[in-house]
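Visitor: Sequence:
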Amino acid sequence: MKKIIHRLKIVALLLGTVFTIGYLTPRKWGNFAPADCTISIYVHDQGIHTEIILPVNNEYFNWNQFLPLTEIGRDANSDYKYLGFGWGDRAFMLATPTSATIDPVITFKALFLPTPSTMQVQGYEVFPPDRATKCVKISGANYLRIVNFIKNSFQLDAAGNTIKISYGYHNNDSFYEAKGSYSILRSCNDWTAEALREAEVNTPVWSTLSSAIMLHLNSGCQC
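Heads up: the sequence shown is residues 1 to 223, going by my numbering.
For the record, the hints were derived by calculation from the structure and aren't laboratory data. Being a predicted model, the structure only gives us computed values, none of them experimental. No incorrect hints appear here.
Per label pair, the in silico range of CB-to-CB distance:
#	residue 1	residue 2	range
1	114	223	32 to 42 Å
2	48	26	13 to 23 Å
3	74	28	37 to 47 Å
4	140	113	32 to 42 Å
5	78	205	34 to 44 Å
Okay, derived cross-link-like pairs now, DSS-like style, lysine-lysine, Cα gap no bigger than 27 Å in a straight line:
#	residue 1	residue 2
6	137	28
7	81	179
8	151	179
9	151	137
10	134	28
11	151	81
12	134	151
13	164	81
14	134	81
15	109	179
16	109	164
17	151	164
18	151	28
19	137	81
20	164	179
Positions of the beta carbon are idealized from the N, C-alpha and C atoms, including for glycine.
Build the full structure now, drawing on both the sequences and the hints.
Guide: As structure tokens, then:
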């Protein structure tokens, strides 16, 4: 028994070392500033979950053509200037309005079993002032790449429209059917990192934790 416990401690130490190195190691090193820094995008750290915030409309894309603004929240608002996108475990996100309501059974399933996913979309009339939000600038071409990544994360019906599951916890958000399965191997923050890499934004080697995303968030062009 002592040998088994000793081996488990060694395994735990090795895993902890690997995860720490991955947490602290960026995927890109050195100066990688793009020549074109025209679009500001934002990442909001919600504690255990990250949200990508993009402008509703600019010269490159109008989100209202893909997600009608008046259908996003209960308030049927068409004046949103920004949209926040977050991908995650469907059961967990629909049943967990705050960290105080976390269900351990749902959490266990989300971490250790491949489970259905959802996309949460939240509209903002003004940019949400929050110390936990960081901004980076990217090129127009990279902006289109991150837009296409997010669009392709939605499940669509036969007519090519997004599929709403339900309204969210506020008057300005909803949950939609999404592609892909959630697990500890592909978490909500891993999805955020994948989206950011499409836009050539730096991310950590191990991106499961939101704090790792925020630590390495860098496009070479700061806002």
